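Chemist: One letter stands for each residue in the lines below.
Protein chains: 2
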Amino acid sequence: MTLYKAYAEDLAEMIERGALKAGQRMPSVREASRHRGLSVVTVLKAYHWLEARGLIVARERSGYYVGSRPQAYPPQPAASRSATVSTAVKKGDLIFEVLDAVQKRVVVPLGSAFPSPLLFPLQSLYRSLNRSVRHLDPWRTVTDLAPGNWELRRQISLRYHIDGMEIAPDELVITDGAMEGLNLCLQAVTRPGDAVVIESPTFYVALQALERLGLRAIEVATHPGEGIDLAELEAVLRQQRPAACWLMPNFQNPTGALMPDARKEQLVSLLERYRVPMIEDDVYGELYYASTRPKPAKAFDRSGNVLHCSSFSKCLAPGYRIGWTAPGRHAAAVRRLKLGTTLSAAIPSQLALANYLEGAGYDRHLRRLRDALFVERDAMINAIREFFPRGTRVTRPEGGYFLWVELPRGTDSLELHRRALRQGISIAPGAIFSARDRYAHCLRLNYGHPQDRRVLRALRTLGQLALDCGP
Amino acid sequence: MTLYKAYAEDLAEMIERGALKAGQRMPSVREASRHRGLSVVTVLKAYHWLEARGLIVARERSGYYVGSRPQAYPPQPAASRSATVSTAVKKGDLIFEVLDAVQKRVVVPLGSAFPSPLLFPLQSLYRSLNRSVRHLDPWRTVTDLAPGNWELRRQISLRYHIDGMEIAPDELVITDGAMEGLNLCLQAVTRPGDAVVIESPTFYVALQALERLGLRAIEVATHPGEGIDLAELEAVLRQQRPAACWLMPNFQNPTGALMPDARKEQLVSLLERYRVPMIEDDVYGELYYASTRPKPAKAFDRSGNVLHCSSFSKCLAPGYRIGWTAPGRHAAAVRRLKLGTTLSAAIPSQLALANYLEGAGYDRHLRRLRDALFVERDAMINAIREFFPRGTRVTRPEGGYFLWVELPRGTDSLELHRRALRQGISIAPGAIFSARDRYAHCLRLNYGHPQDRRVLRALRTLGQLALDCGP
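From first to last, the protein sequence lines stand for chains B and F.
Start counting the first sequence at 1; every next residue gets the next number (UniProt numbering).
Start counting the second sequence at 1; every next residue gets the next number (UniProt numbering).
It is possible that part of the hints are untrue.
As the list claims (entries may be wrong) - What follows is a list of derived Cβ distance ranges for each label pair:
(1) Gly-214/F x Pro-450/B: 58 to 64 Å
(2) Val-40/F x Ala-332/B: 52 to 58 Å
(3) Lys-90/B x Gly-391/F: 54 to 60 Å
(4) Arg-302/F x Glu-166/B: 55 to 61 Å
Said to hold, decoys possible - If you want the footprint, here are the derived chain F segments under chain B, 3+ residues with CB under 8 Å:
(5) 37 to 44
(6) 133 to 142
(7) 307 to 320
To be verified - Chain F side only, calculated, beta carbon under 7 Å to chain B, not exhaustive:
(8) Pro-117
(9) Pro-121
(10) Ser-124
(11) Tyr-126
(12) Leu-129
(13) Asn-130
(14) Glu-180
(15) Leu-230
(16) Ala-346
(17) Pro-348
(18) Ser-349
Rather than coming from a laboratory, the hints here were simulated on the basis of the structure.
These numbers come from a predicted model, not from an experiment.
Even glycine gets a Cβ: it sits at the ideal position worked out from N, Cα and C.
Construct the complete structure from the given sequences, taking the supplied hints into account.
Modeler: Written as structure tokens, this is what we have:
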């Protein structure tokens, strides 16, 4: 855990057990810094975090005070339920209506799938791009086509190695973002008409992919804290013989669920036993708030049954469109699909990232990014508690940048989406995260954008609109 | 026509009608330059072209002499025949075996689909990349996702406008190379089991796409000079009701066939009448040797029935992976497919190309590239006449960089491919250009690589191996 977080949790604990009393003035930043032997920046970060959590409040020109009552986190949503039958997917129109709205720059982008581009080291990436393309060997435009630049694959492999996982550069295929990797992997292991297991709720890109390929969806119960329910999954594997599972064990989109590593191990061996390939979307794996990276399911794969996909788009280089997949025993099939559909990821992007990863900046950047997201998480949870209708539940993810919000039953979040849009605010309504007509009262909010006054005002507006759209 | 070509054709005509006699010494470059008021470079280029065509020969330290006999071009292959039924496509394994071999750098790349990377202005592109990414507005990583950077789309639209064709920037979707555009367009207008009209022979990427999407192929007779046979096409449209046509009217791959503009107009109205969408691959449209750009079929499209695809990969920026499609009335569907499969082309690549196109360098580069390819064409035809078995036929394309070679019937070009590979030479054997077992005695050769001694030696070796693999 970083220093400021340890200090902040210390203080939070003192507030909760009453050692620091409601209304009491906090030590000034300077005092605290001297007393605890911490830097002023560290103390400030801790205070910001406590403020975001609503435990202390800032008063102008007077410093910080303990809040009037210790604020507990709001309750989290319960686990979802499994569907008993598979569903043909027909959500394309709705998903595109929502995405079209969300892509517009004018809106407060709470419905966006991307964190703020201001959080990324675009200047460092530019320098890497410049360095690596200036003396470009022309033949790279041929040799670095699929499966991709070897040095980049080596650097990616190295990062897995440091996290205790062996993925050979030769297994990796560089893709145009994780989205392409996921699509190619799904194509490699299914045929039209097959059924595919997904989490419930699930990332809408999975629904789009299933619809496009003529596949049926089986939604399996998922716990916002622990991920997919293994007992229910086993029942589905036994009874419905799906062709594949498309899962996101680390910081699932939209719920942020983190499956404990021990359960991932069970998951991998369960799927292996039933010989059902697992497509793993791990794009948020690096965005953890705890002290170590959660393992991907791929780490427990001994037989090549896991088709692991990730990218740099959400944690380092948005717009460079560089992802990768380690498709296990399906690697040859995926490599072929890549060659036959888009041929190759852009060479300048590949070279820039290979060059950037050789430097030492990535881990520093990631630490900063995680810290920023962690603080924003609690700020948004706090605003939801303050502004949203009584009875609202919200997840408390340990990574990523999404909150899954469950409004009181009977609230129409699609209507909320449309009304909010008219006020220049986007959200991701629950309906786009299910092949069935579930989650009509839920929404996903993105806290990956610094929560300035505009965002806070938008959250207040959303809270009011949610009441209007309520039961 | 460029100056040197006009001069060269003048001289060729004089040789052919005997005004310049076999064995006669040509005027020295300096003399010719003075006499005709041409620059030394222009005269040199004309002489090189005549040399490539085998009309004159260089003698060391003594200048150029008229060849011993005026060399006619070898005969061209005849038109192919239509298949009477559609075919399930199962060529994937063979195509990948061949492509795997061709991608290796060690071989003489006569089987490659790409021209030499040394023919492209990679340094100018680098400067454009540098200029446009140095001060990158971070929000571009969001706003320039599909359908793509607006300025780039405007520049592409402008080029069409200059060539007398109106394609609005709003119709354009930027893709990861033309290959992605073609694939998305095919997906947008077909369902598994549908039949699709292709030329015979056809580019193997079309076969891969059909196979992947579970589509059937209808191969229609194609003339190496004039493109697809319209009467035969109409018979197929009437009897077999295909879901789409995938055609390449400009410098078709592999035959180099150029459909005259008047026939393109007939083609477009024929397909319109039968309401069969046309997917047009125009990646070689800019690589013409005549004085003006041949029109794409899209130029004659009034109803949005033509899904036009092209890219910069073959004429400007290999490895940047930037293509585009103008999908007519299918634009919304294609935009969705793009968003749902790869999301966006790489932003740095898009910005670099938008910046490059704003400058004046593109047309200058294209002129140079066309001149280079034209000279190489005749050099390779000449080598084929010299080294290949008697009875060999070869196309005489007016653009692009492929020759389609028909060896004497009974020659096994797949065996030739395998034997050549063992000697470090790649070719593209005829079998990968047909869904049926056609073209077993044909091959495609790439003349987009400067024909140095290594290439000439490879052509001589190929000629010998072709005899060994002959009937």
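Chemist: Using the nearest Cβ pair, does Leu-230/F come within less than 7 Å of chain B?
Modeler: violated, 30 Å
Chemist: Given a cut of 7 Å on the nearest C-beta pair, is the interface hint for Pro-117/F held or broken against chain B?
Modeler: holds, 4 Å
Chemist: Given the hint of 52 to 58 Å, check if Val-40/F and Ala-332/B actually sit that far apart at their C-beta atoms.
Modeler: holds, 55 Å
Chemist: Checking hints one by one. Is Ser-349/F an interface residue toward chain B, by the C-beta closer than 7 Å rule?
Modeler: The hint holds - Ser-349/F has a Cβ within 7 Å of chain B, the shortest such distance being about 5 Å.
Chemist: Restraint: Pro-121/F near chain B, CB-CB cut 7 Å. Satisfied or not?
Modeler: Violated, because the Cβ-Cβ distance from Pro-121/F to chain B comes to roughly 11 Å (cut-off 7 Å).
Chemist: With 7 Å as the cut and Cβ atoms as the points, is Asn-130/F at the interface with chain B?
Modeler: holds, 6 Å
Chemist: Falls inside 55 to 61 Å, the C-beta gap from Arg-302/F to Glu-166/B?
Modeler: Holds, at about 59 Å.
Chemist: Just to be sure I understand the hint, the distance between the Cβ atoms of Lys-90/B and Gly-391/F should be within 54 to 60 Å; is that true here?
Modeler: holds, 58 Å
Chemist: Can you tell me if the segment 133 to 142 of chain F counts as covered by chain B, using C-beta to C-beta distances under 8 Å and a minimum of three residues?
Modeler: holds (count 8)
Chemist: Would the stated hint for Glu-180/F survive a check requiring a Cβ distance to chain B of less than 7 Å?
Modeler: holds, 5 Å
Chemist: With 7 Å as the cut and Cβ atoms as the points, is Pro-348/F at the interface with chain B?
Modeler: holds, 5 Å
Chemist: Are Ala-346/F and chain B close enough, Cβ to Cβ, to be under 7 Å, as the hint says?
Modeler: This hint holds: Ala-346/F lies near chain B, its Cβ roughly 4 Å from the closest one there, short of 7 Å.
Hint check: violations occur at hints 1, 5, 9, 10 and 15; the rest are consistent with the structure.
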